[in-house]
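Number of protein chains: 2
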Amino acid sequence: MKKFMNSTETMLRESLAGFALCHRDIVALDGDFRFVSRRQAKHGKVALISGGGSGHEPLHAGFVGHGMLDAACPGQIFTSPTPDQMVAAAEAVATGAGILFIVKNYAGDVMNFTLAAEMCSTHADSLVIDDDVAVERSGQGGRRGVAGTMIVEKLVGAAAEAGAGIGALKRLGVSVNGATRSMGVALTSCTAPAVGKPTFDIAGNEMEVGVGIHGEPGRRRVAMMRADEIAEELVHAIVQDLEPPSGCEVLLMVNGLGATPSLELHLMYNAASRQLAKRGLKASRSIVGNYVTSLDMAGCSITVTVLNDELTSLWDAPVHTPALRWRM
Amino acid sequence: MKKFMNSTETMLRESLAGFALCHRDIVALDGDFRFVSRRQAKHGKVALISGGGSGHEPLHAGFVGHGMLDAACPGQIFTSPTPDQMVAAAEAVATGAGILFIVKNYAGDVMNFTLAAEMCSTHADSLVIDDDVAVERSGQGGRRGVAGTMIVEKLVGAAAEAGAGIGALKRLGVSVNGATRSMGVALTSCTAPAVGKPTFDIAGNEMEVGVGIHGEPGRRRVAMMRADEIAEELVHAIVQDLEPPSGCEVLLMVNGLGATPSLELHLMYNAASRQLAKRGLKASRSIVGNYVTSLDMAGCSITVTVLNDELTSLWDAPVHTPALRWRM
Numbered sequence: 007m008k009k010f011m012n013s014t015e016t017m018l019r020e021s022l023a024g025f026a027l028c029h030r031d032i033v034a035l036d037g038d039f040r041f042v043s044r045r046q047a048k049h050g051k052v053a054l055i056s057g058g059g060s061g062h063e064p065l066h067a068g069f070v071g072h073g074m075l076d077a078a079c080p081g082q083i084f085t086s087p088t089p090d091q092m093v094a095a096a097e098a099v100a101t102g103a104g105i106l107f108i109v110k111n112y113a114g115d116v117m118n119f120t121l122a123a124e125m126c127s128t129h130a131d132s133l134v135i136d137d138d139v140a141v142e143r144s145g146q147g148g149r150r151g152v153a154g155t156m157i158v159e160k161l162v163g164a165a166a167e168a169g170a171g172i173g174a175l176k177r178l179g180v181s182v183n184g185a186t187r188s189m190g191v192a193l194t195s196c197t198a199p200a201v202g203k204p205t206f207d208i209a210g211n212e213m214e215v216g217v218g219i220h221g222e223p224g225r226r227r228v229a230m231m232r233a234d235e236i237a238e239e240l241v242h243a244i245v246q247d248l249e250p251p252s253g254c255e256v257l258l259m260v261n262g263l264g265a266t267p268s269l270e271l272h273l274m275y276n277a278a279s280r281q282l283a284k285r286g287l288k289a290s291r292s293i294v295g296n297y298v299t300s301l302d303m304a305g306c307s308i309t310v311t312v313l314n315d316e317l318t319s320l321w322d323a324p325v326h327t328p329a330l331r332w333r334m
Numbered sequence: 007m008k009k010f011m012n013s014t015e016t017m018l019r020e021s022l023a024g025f026a027l028c029h030r031d032i033v034a035l036d037g038d039f040r041f042v043s044r045r046q047a048k049h050g051k052v053a054l055i056s057g058g059g060s061g062h063e064p065l066h067a068g069f070v071g072h073g074m075l076d077a078a079c080p081g082q083i084f085t086s087p088t089p090d091q092m093v094a095a096a097e098a099v100a101t102g103a104g105i106l107f108i109v110k111n112y113a114g115d116v117m118n119f120t121l122a123a124e125m126c127s128t129h130a131d132s133l134v135i136d137d138d139v140a141v142e143r144s145g146q147g148g149r150r151g152v153a154g155t156m157i158v159e160k161l162v163g164a165a166a167e168a169g170a171g172i173g174a175l176k177r178l179g180v181s182v183n184g185a186t187r188s189m190g191v192a193l194t195s196c197t198a199p200a201v202g203k204p205t206f207d208i209a210g211n212e213m214e215v216g217v218g219i220h221g222e223p224g225r226r227r228v229a230m231m232r233a234d235e236i237a238e239e240l241v242h243a244i245v246q247d248l249e250p251p252s253g254c255e256v257l258l259m260v261n262g263l264g265a266t267p268s269l270e271l272h273l274m275y276n277a278a279s280r281q282l283a284k285r286g287l288k289a290s291r292s293i294v295g296n297y298v299t300s301l302d303m304a305g306c307s308i309t310v311t312v313l314n315d316e317l318t319s320l321w322d323a324p325v326h327t328p329a330l331r332w333r334m
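If you read the protein sequences in the order shown, they are chains A and B.
Note that the first sequence covers residues 7 to 334 in my numbering.
Note that the second sequence covers residues 7 to 334 in my numbering.
Hints are not guaranteed to be accurate.
Since copy identity is lost for identical chains, a pair holds within one copy or between any two.
[Claimed, not checked] Calculated pairs, DSS-like style, for lysine-lysine (alpha carbon to alpha carbon, straight line, at most 25 Å):
#1 K48 to K176
#2 K176 to K9
#3 K284 to K9
#4 K176 to K203
#5 K8 to K203
#6 K8 to K176
#7 K203 to K288
#8 K203 to K9
#9 K176 to K284
#10 K48 to K9
Bear in mind the hints are in silico, worked out from the structure with no lab data behind them.
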């Protein structure tokens, strides 16, 4: 294992310290490393807080700032943050309008955020994201939450910034989650630092179709396919499950899993666009890059969200975070 | 070799098509794939044009837009674009105020941009970037141009947007290049698609200190070091060569070479900041991410630019490109 680090014990804290130092105009890091919060709080808005295991950067701390999250709680790598972290974040950023936790659908995260919501002195509710169409059941809890989480954070974040109440934000989030599907493919495994070896073995000519963002198995292990074939398989699975209205506009995201370069991601975007067009769908909004990663995994995922005028306008709304910025 | 592609012959064009489609609000792609240009031209400004071999994305096409480049010419992977491409770009974006080519210091690029400048009907000049302190001579031509190129493009781009003339822009560029030094380290080799195998062999416990962005050899091959040791070696080499005034403010860039995740890059930023502080230098401006890459190479580079009030204000000026956006 070759990684830029000093020790596995200090790796996460040193990275968080660097992140907070680099982006100190936008975010602040809690002294006990429990959460990253928005430096310029907005009084009277619902506090949006997310979090999860580290190793998926820039998710979630990279999306703290104007128009997205108020705080993010980083767990250890691939490990849920604790309820204490979430409550501390809530106490730091809540301004009385309530708290909405945005939670990826993994048993540990759901359990800890549920506990945290009960422990909060302010009214707190949770929104669970489960956009991965690859597998129906990962453990006990249904579908996994993957790259669609970033889209939910952007759209719900824009509505929160505009002053929506907690009930409306939860309904919006449920609706965006329902309009969003993702599926990914891995060319290599990630390597968790504390483990020191790849999470799974994969041959030099193989890929894992439907991989999870922690290296969980997908639908099948196959020989490496051409980009057009990969795009067809992923878009087919997404569209079959999503059943978008014919001729509708969608947001198309091609997300890198960590070690795949921009050249290849934009090629996959081209291939995925053609697959959408074949099915009568138009990507009126697009995003390509490393947003929801799996450490040093080579691979990518495709996410499609059905848009309407409201969602398009929320997507276009100003955002100013370390990892996503426009119209500010 | 596992890459997202359909064929090595079509890879670059398909990626450019995806890039142009995804970012069609900002850029346009020439029908013959000769250049990417800014969709909303600004009349009367000096045209800034860069280019070079592909494989370093987002450099250069990702920096076309308000506040940076007017056009970028993508060569084949790791191969200079042709003078014809540069002249076509110049004819498409020049508005009569002259053309400044921003050129990384490699023999092929320098020769082709020089030829193009002679062929242009509008007055054209060139600015050569050679920020890599790792080696004094790579081939015949002196130091290599690496990640500092992006900083030059940002600062000179901001001045061009503000209306500076071609003479002033060239002087500014020379001055920024002189105030900028970089050095990188590779943990793995890149693999050029047409070659199909890694550019160099490197053992599972080794790193290449001072690597070039095409996989050129650096200063030495050593056993993997701790992040603090790597940061110390890179910052030491940079500062020794740059000789910044004591106590001055600098721009610190930690640039990923393609396959290194954000978690590690921010940890390296933290380590590099401490090394600067030890030498009495303060990073008053910072940037961390994949900006000048080497295909799928794992590794990073550190770049330091000595700032003054003028350069700080140019760095802070609005920018709106596919890969760099703020204050718009």
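Verification of the hints:
For the identical chains of this complex, K48 and K176 are intra-copy neighbours only, at 19 Å inside a copy versus 43 Å across copies, given an alpha-carbon limit of 25 Å. Taking the closest pair of Cα atoms, K176 and K9 never come within 25 Å of each other, the shortest separation being 39 Å inside a single copy and 39 Å across copies. Proximity of K284 and K9 under a CA criterion of 25 Å is satisfied inter-copy only: 24 Å between copies versus 42 Å inside one chain copy. Taking the shortest Cα distances, K176 and K203 never come within 25 Å of each other, neither inside one copy (40 Å) nor across copies (50 Å).
Taking the shortest alpha-carbon separations for K8 and K203, both the intra-copy value of 10 Å and the inter-copy value of 20 Å come in at or below 25 Å. Taking the shortest alpha-carbon separations for K8 and K176, neither the intra-copy value of 42 Å nor the inter-copy value of 41 Å comes in at or below 25 Å. When the C-alpha separation of K203 and K288 is checked against a cutoff of 25 Å, the pair qualifies neither within a copy, at 41 Å, nor between copies, at 37 Å. In this assembly of identical chains, the alpha carbons of K203 and K9 lie at most 25 Å apart whether taken from the same copy (12 Å) or from different copies (22 Å).
In this assembly of identical chains, K176 and K284 lie within 25 Å of each other by CA distance neither inside one copy nor across copies; the values are 34 Å within and 48 Å between. Taking identical chains as interchangeable, the C-alpha atoms of K48 and K9 are never at most 25 Å apart, the minima being 38 Å within one chain and 44 Å between chains.
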